[in-house]
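Given the sequences, and given the hints that come with them, work out the whole structure.
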Amino acid sequence: MSRDDRTHEVSSESKRTEGTYKAQSERAARGAVSSPSAEPAPSADSKKGHGSRARTKMVAPPNDYLVPERDALLTPVLECRHLGIDFGGLKAVDDLNLMVGKTEIAGLIGPNGAGKTTVFNLLTKVYQPTRGTILLDGQDTAGMDTARVSREGIARTFQNIRLFDSLTVEDNVKIGLHNQVECGMWSGIFRLLRYWLSEKEFHDRALELLDVFNMADHAGDIAGSLPYGAQRRLEIVRALATGPKLLLLDEPAAGMNPVETEELMDNIVKIRDDFQIAVLLIEHDMDLVMGICEGIVVLNFGKVIAKGTPEEIQANPQVVEAYLGKQD
Amino acid sequence: MGFISNLINGISLGSVYAIIALGYTMVYGIAKMLNFAHGDVIMVGGYICFIAMNNLGLPPLVAVLLSIVGCTCLGIVVERLAYKPLRGAPSLAVLITAIGVSYFLQNMALLVWGADPKAFRSVLDLPSIKLFDGQLTVSPISIVTVLACVAIMVGLTLFTTRTKMGKAMRACSEDKGAAQLMGINVDTTISMVFAIGSGLAAIAGVLLCSTYPTLMPTTGSLPGIKAFTAAVIGGIGSIPGAALGGIMLGIIEIFAKAYIGTQLADAIVFAVLIVVLLIRPAGLLGKETREKV
Amino acid sequence: MMKRFKGMDKASRDTLITYALIIVAYAIMQALLSLHAISSSMVGLLVPICAYISLSISLNLVVGISGELSLGHAGFMSVGAFTGLVAAQVLAPAIPFGPLRLLVSMVIAGIFAAVAGVLVGIPVMRLQGDYLAIVTLAFGEIIKNLLNNLYVGYDGALHFSMKDVASLGMNGGKVLINGPQGAVGITELSTFTAGFLLVLFTLFVVTNLVNSRSGRAIMAVRDNRIAAESVGIDTTKYRLMAFVVAAALAGMAGALYAMNFSSIVPKKFDFNTSILILVFVVLGGMGNIRGGIIAAALLTILPEKLRFIGDYRMLIYAIVLIAVMLFSNNEQVRMAVDSMKSRFARMRDDDVIDDAAEGGEA
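One line per chain: the protein sequences are A, B and C, in this order.
At position 285 of the first sequence (counting the first as 1) the number is 463 in the working numbering, and the numbers step up by one without a gap.
At position 28 of the second sequence (counting the first as 1) the number is 261 in the working numbering, and the numbers step up by one without a gap.
At position 345 of the third sequence (counting the first as 1) the number is 392 in the working numbering, and the numbers step up by one without a gap.
Quick caveat, the hints were computed from the structure, so don't treat them as lab data.
Among the hints, a few may not be true.
What follows is a list of derived Cβ distance ranges for each label pair [unchecked claim]:
(1) C:220 - A:374: 23 to 33 Å
(2) C:374 - B:348: 23 to 33 Å
(3) A:265 - B:408: 41 to 51 Å
Calculated lysine to aspartate or glutamate pairs in the DMTMM-like style (CA-CA distance at most 20 Å, straight line) [to be verified]:
(4) C:314 - C:378
(5) B:265 - C:378
(6) C:210 - C:235
(7) B:525 - C:235
(8) A:423 - A:323
(9) C:57 - A:360
(10) A:481 - A:452
(11) C:315 - C:351
(12) C:57 - A:395
(13) A:378 - A:360
(14) B:265 - C:177
(15) B:409 - B:524
(16) C:284 - A:395
(17) B:525 - A:323
(18) B:525 - A:343
(19) A:423 - A:451
(20) B:351 - B:521
(21) A:269 - B:524
Computed from a predicted structure; not experimentally measured.
Even for Gly, the Cβ is constructed at its ideal location relative to N, Cα and C.
Right, dumping it as structure tokens:
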């Protein structure tokens, strides 16, 4: 299957989205204001937003939110407003505004050191943000820690793979299922009925999830001994096991060969369709990003320099400059 | 007057802790290991000095020098035989080996010098200084201890910042691999750190035994653990931290003994460590490192 | 039967082998005891060996399974020892039957040690790595110092003091804990069978915990704390769980240990005892419970067997310790062992392939 076919397929699955992105309308409807933007084709909804601004006197984020049309009337799974963090004097991420639709596959790209992984660390509260708010499915995550954010529905993978290396593949997934299946310490120690029931559920669901990537045969292998590509896939399965609303993938294709990458692209789309969740991914492989992402945000020096559909991003001179340097 | 006298004793004991803590801090900084045998090097230093003065009849200064040389060699030998083969091994294995070395030194001392405590004669045969009509007595060894501590601090700070070897040490404690690529001989540098640490332990042993004159095979264990505590309080890896932690601990210990009770003094010392670490998890002057995600 | 055993996953098979090992060892010792075939010094060691095996298993939960270096395990042992002694004395009229009284005392000891574990664990779990280790050492020393200052008397009601015997304000009765002199006149309730049952119980609790949802969470935190947090595991909760369960089990072992002697002092449970238990765990292989059990038994017997060389025995012990560490962790030695292992593995794989080929023909 050629890359173009795939793009088309994604588009048809997302109910004809080709070129039909529009500014998110829900905030305007709630009375908050979506700002005017440099968006090529501002929609009617955002114009309505203009009208209400004078009345409510709210400060609008200087932002042009984008979500796929099918998600436009749903609460976005993720919304960041003016998000920022300082390391010492350095503004590693500054004034980041971002919105991911309920079932969107979104991309976060940018040159090395642009602050992409830092954004993931902010979203998952590995770092507490210095400024700004993060809304997960409409809920403010301020004050939550990493574990809580996971329970609320953000799952992630890591750029430098972080599996539970000494445990089996199956155990890794079972640990991902930790908050999905209940069994307390005493039930575990004294092998009460609860224990046997929960272990069966753990086992069945773990194998079911491993099947997504056809890894069920490797359930008994030690995770640390798997080949690199399989480790990356296992990390995704483990993240899926937590029952997320939003899946963050940090360079999922790193170290994979072209065949594996093709397969991964199919799988990411399949996960989105089967689980009806949103995916935000960081990736340097532009074939992957342009192939499956519906909306793309480009980061450079901790700031957003462009947003749009893959076509818009490819045509954006600022993006080209960020990657290749200024051309005279 | 009792207060000032306690303060002086506290600073003096603290200076001894500081000198021992320096050895811990430097070794931890470069080898990332808890060298539990360090306290027993103090004891060996005490014994060498004792033998040199009492059995060989050497003058105190020569005895002290002999003790420093002896411990320096001991430090190098222990590092080469016991720790160097374990470079890259899990840290727990190194820790247990260090404990093994500690048992070894204690039991060797027991065999060679016997279990009965030796009465250590101070290396300074001077009368106490009486101030304020005899209300305040200051022993000359206290003054010497504090002076020695200050001299060592200044010397070490100059050594680590100004000399090539000192800079190599700091480079190794930052990143051994990178240091090696820059042409630094990591093995020699680590040996050097053990040598300096053990030499300092000898000085500390002599000063400690001159102030508290009972010498036994287990003399070094508790001061060793407390000095290690001091190093952690100050921020392990930091030279001024070791000084700060050591002196703080000495003062707290003496005051706790004077006003709360001898039995509970140690409990209070360790409680201070816990409180400090809860407020500043990397110690008072330590830098906090964040794991890269 | 054999087929079912082979079909089990590795963890449950390992656990079964360990149970079998302990039961067989107990049976052999009982047989030898009834034949009077062991020396009296060895008989005296039986209960301490059981106590040390239990301690080795429980510390393995913290050091091997949870991955935190604890240098204060003897502190929890001593909390259990002294609460167990007091409980046994106080309960003497109520429960005249010795074994039952021992059991109840051990349970009380476990509960008190667990409480101590929570009190120590909450601050300790805010730290990591070597800093955590040094703070557990500090807590161990603090517990020892506090017990050194503890006076407990019983004259129908319990009296406590942190000063001296006089300030207990007793009407006759008996001083149970006398500060640094510890406890004297202990009723020696501990038996080899009680020790054996405690070992089984400890093994049961630890292995079951490890092979459950909670145990997986504990190991997840050990393997990768950040990843564990990222899948929604409350890391502090599970580190604390391992720490407290281990403390409770250590308390029970402490009670067993103390009631094997007629008198016991707080100084017995100092830093060196904590290290001794840690040595069992490390020599047995971290996280390898069976290894820790064997190491505990051997290293408790070894100094006894070396008694004939007098003052040299602790020196030999030290040398053995260093040699084992150097041998098992030196890179060159490890590489040699690994290459040997892989050669064996390859030979075995060849066998399997042969088997498969034969099976295919059949």
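Results for each hint:
1. A hinted range of 23 to 33 Å for the beta carbons of residue 220 (chain C) and residue 374 (chain A) is inconsistent with their spacing of about 51 Å.
2. Range check, residue 374 (chain C) to residue 348 (chain B): Cβ separation about 31 Å, and the 23 to 33 Å hint holds.
3. Checking the proposed 41 to 51 Å range against residue 265 (chain A) and residue 408 (chain B) shows it is violated: the Cβ atoms sit about 20 Å from each other.
4. Taking the CA atoms of residue 314 (chain C) and residue 378 (chain C), the gap is about 38 Å. The hint is violated against a cut of 20 Å.
5. For the proposed pair residue 265 (chain B) and residue 378 (chain C), the alpha carbon gap of about 18 Å is at most 20 Å, so the pair holds.
6. Between residue 210 (chain C) and residue 235 (chain C), the direct Cα distance comes to roughly 28 Å. Violation of the 20 Å bound is thereby established for this hinted pair.
7. Between residue 525 (chain B) and residue 235 (chain C) the CA atoms are separated by roughly 55 Å; this puts the pair beyond 20 Å, and the hint is violated.
8. A hinted pair counts as satisfied when its Cα atoms are at most 20 Å apart, and residue 423 (chain A) with residue 323 (chain A) qualifies at roughly 17 Å.
9. Distance hint between residue 57 (chain C) and residue 360 (chain A) is unfulfilled; the C-alpha atoms sit about 24 Å from each other, more than 20 Å.
10. A distance of roughly 33 Å separates the Cα atoms of residue 481 (chain A) and residue 452 (chain A); the hinted pair therefore is violated under the 20 Å criterion.
11. Taken as a hint, the residue 315 (chain C) and residue 351 (chain C) pair is honoured in the structure, with Cα atoms around 18 Å apart against an allowance of 20 Å.
12. For the suggested pair residue 57 (chain C) and residue 395 (chain A), the alpha carbons sit about 17 Å apart, so the restraint of at most 20 Å is met.
13. As the CA atoms of residue 378 (chain A) and residue 360 (chain A) are separated by approximately 12 Å, the hinted pair is consistent with the 20 Å bound.
14. Between residue 265 (chain B) and residue 177 (chain C) the CA atoms are separated by roughly 9 Å; this keeps the pair inside 20 Å, and the hint holds.
15. A threshold of 20 Å between alpha carbons decides the hint, and for residue 409 (chain B) with residue 524 (chain B) the separation of about 18 Å falls inside it, so the pair holds.
16. For the suggested pair residue 284 (chain C) and residue 395 (chain A), the alpha carbons sit about 33 Å apart, so the restraint of at most 20 Å is broken.
17. The straight-line distance between the Cα atoms of residue 525 (chain B) and residue 323 (chain A) is roughly 17 Å, inside the 20 Å bound, and the hint therefore holds.
18. The suggested pairing of residue 525 (chain B) with residue 343 (chain A) holds, with an alpha-carbon distance near 18 Å, which does not exceed 20 Å.
19. At most 20 Å may separate the alpha-carbon atoms for a hinted pair to count; residue 423 (chain A) and residue 451 (chain A) meet this at roughly 12 Å.
20. For the given pair, residue 351 (chain B) sits about 44 Å from residue 521 (chain B) by alpha-carbon distance, which is inconsistent with the 20 Å threshold.
21. For the given pair, residue 269 (chain A) sits about 19 Å from residue 524 (chain B) by alpha-carbon distance, which is consistent with the 20 Å threshold.
In summary, the structure is inconsistent with hints 1, 3, 4, 6, 7, 9, 10, 16, 20 from the numbered list given earlier, while agreeing with the others.
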